[in-house]
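Trainee: Whole structure, please, built from the sequences with the hints as guidance.
In case you want the letters, here they are:
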Amino acid sequence: MNGALPFIIAAALLALALGFLASRGKDMNLEQWTVGGRGFGAVFVFLLLAGEIYTTFTFLGGSGFAYGKGAPAYYILAYGTLAYVLSYFMLPPIWRYAKKNGLYSQSDFFASKYDSPTLGVIVAIVDIVALIPYLVLQFKGLGIIVDVAGYGSISPTVAIWIGAIIVAAYVMVSGVHGSAWTAVAKDGMILGIVIFLGIYLPYHYYGGLEPMFAAIEHAKPGFTVLAPHGESLWWFSSTVLLTALGFYMWPHSFGSIYTARSATVIRKNAIVLPLYQLILLFVFFVGFAATLQVPGLTGPHIDLALFKLSVKTFDPWFVGVIGATGVLTALVPGSMILMTAATLIANNLYRAANPAADDRQVSRIAKLLVPVVALVAVFFTLKGGQTIVALLLMGYSFVTQLFPSLVLSLANRNFATREGAAAGIIAGVATVAAVSLTGVNFHSLHWLPAPVQDFNIGIVALAVNFIVLVVVSVATRRVEAPAGAAAE
Amino acid sequence: MRSIRWLAVVPFLALIVGPFFVNRATPFVLGLPLLLAWIVVWIILTSLIMAVIYATDPANREDEP
Chain V
1025 MNGALPFIIA AALLALALGF LASRGKDMNL EQWTVGGRGF GAVFVFLLLA GEIYTTFTFL
1085 GGSGFAYGKG APAYYILAYG TLAYVLSYFM LPPIWRYAKK NGLYSQSDFF ASKYDSPTLG
1145 VIVAIVDIVA LIPYLVLQFK GLGIIVDVAG YGSISPTVAI WIGAIIVAAY VMVSGVHGSA
1205 WTAVAKDGMI LGIVIFLGIY LPYHYYGGLE PMFAAIEHAK PGFTVLAPHG ESLWWFSSTV
1265 LLTALGFYMW PHSFGSIYTA RSATVIRKNA IVLPLYQLIL LFVFFVGFAA TLQVPGLTGP
1325 HIDLALFKLS VKTFDPWFVG VIGATGVLTA LVPGSMILMT AATLIANNLY RAANPAADDR
1385 QVSRIAKLLV PVVALVAVFF TLKGGQTIVA LLLMGYSFVT QLFPSLVLSL ANRNFATREG
1445 AAAGIIAGVA TVAAVSLTGV NFHSLHWLPA PVQDFNIGIV ALAVNFIVLV VVSVATRRVE
1505 APAGAAAE
Chain B
335 MRSIRWLAVV PFLALIVGPF FVNRATPFVL GLPLLLAWIV VWIILTSLIM AVIYATDPAN
395 REDEP
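Respectively, the protein sequence lines represent chains V and B.
Okay, so the first sequence: first residue is 1025 according to the numbering used here, each after it adds one.
Okay, so the second sequence: first residue is 335 according to the numbering used here, each after it adds one.
Heads up, none of these hints are tricks.
Simulated restraints, written as ranges between beta carbons of each label pair: (1) B:V386 <-> V:K1407: 49 to 57 Å; (2) B:V375 <-> V:R1062: 33 to 41 Å; (3) V:W1471 <-> B:V351: 21 to 29 Å; (4) V:G1463 <-> B:G365: 36 to 44 Å; (5) V:P1473 <-> B:V343: 26 to 34 Å.
None of these hints come from the bench; they were simulated from the model.
Computed from a predicted structure; not experimentally measured.
All C-beta atoms in this analysis are idealised placements derived from N, C-alpha and C, irrespective of residue type, glycine included.
Mentor: Here's what the structure looks like:
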């Protein structure tokens, strides 16, 4: 036992207690469990959406990115902001349609809009393949945090098992209510901790922000600006655009829109979320502060920058408080991912195979699937090597492929047919998989002009997707024109 | 007043095209390298723009519970 451990254990117990209490006084049917009875006000919706900003990926990865690469990390700030601008216009129609038709998942939305259960199944599969590595990443982060912040007294394997059991237990009992209640604790702590670290560390080691950045620029010229080649301005702009489009295509983000009480709640959030996102800036400050103080971390180890610097700077009890915050950043997003994946399998795969199943059966199966999905994720966390990282990078590009057919479906007259949407998504996903697995990028095409070589390769998949969507839609529209007109 | 919605294009220009003109470390602004300061300032301005769009959007009066 050391000074840090009590705080980490307290955070885990707090999450468990809040997660269980959240279900009090509610009949946990499918509507309450997955979409909170569609009754969440601005604060809960805010916390669920903000939950996506502060995962272990941002806590460890955001500081690690700034530590290891410098300026390219800024893209995280920019794409989130643009995603919120889009959300103001894109999400209210989605919310309205979901409420009117009693939808539970992203897959439901596609199945209903395009009147095609098959498309729903395709979307559900894409979602699940993207979600599992995301959950694995949360568990991996949890293991690292408990290991480092607990000074090695709890092994990552034990931490991952305990974390998975806690999350699975409270998700089974409370569903999205559990996520929302634990998000209150998580965001409260992360706000305090990250702002403190982001201000204290630069002052403690360099005497302020400007001296810190000046020292970094002196030691590593060009570290705080984008490079002329590689992760250049062209890379930055194309990546910001691409990830902004994909942001709300994550099924758990998409699903959290359904919990809103009204469309106004969603629009209000588009004002506050960009500002709230600025807390990431303080995460970057920690990473930048670490660059010259704990040098030498490379490869995947750059994610340890925040904790290495904390261990160097603070007493064990305070490292424990930071670790406790880190544990919550893994558990809360983990709970949403877990619930979303279980809902997709029960509601969109099981129900597609058994159309006679009623909501009660689907709800029971979804809850039973929670520990199963958690087990699968634990297995991949402990056994999977680099493949998982590759899968995760694919995950974001996978869900981005849902963007074109989603946006087109919001128009009064949808240009895309169900065949076009399905073909576009499949073509896009196949392109992503081919590109990721072969490691092709524009840099291998030497005849391209230098700026184009730096473009994010994801643009290609989206373009392929869109072209296939248009071609197939035009081809199938002619055949189906009378039926399509009747359905308007 | 619906034309005010077009203000939403500005953050896209600022954060996707803008960096091409400010990709430098100096001068430091608010203690930050110029490029980072540009992004931070535009995040704050984006929030303001969304507040203006929200305030003038008739949809928010219809939806009010």
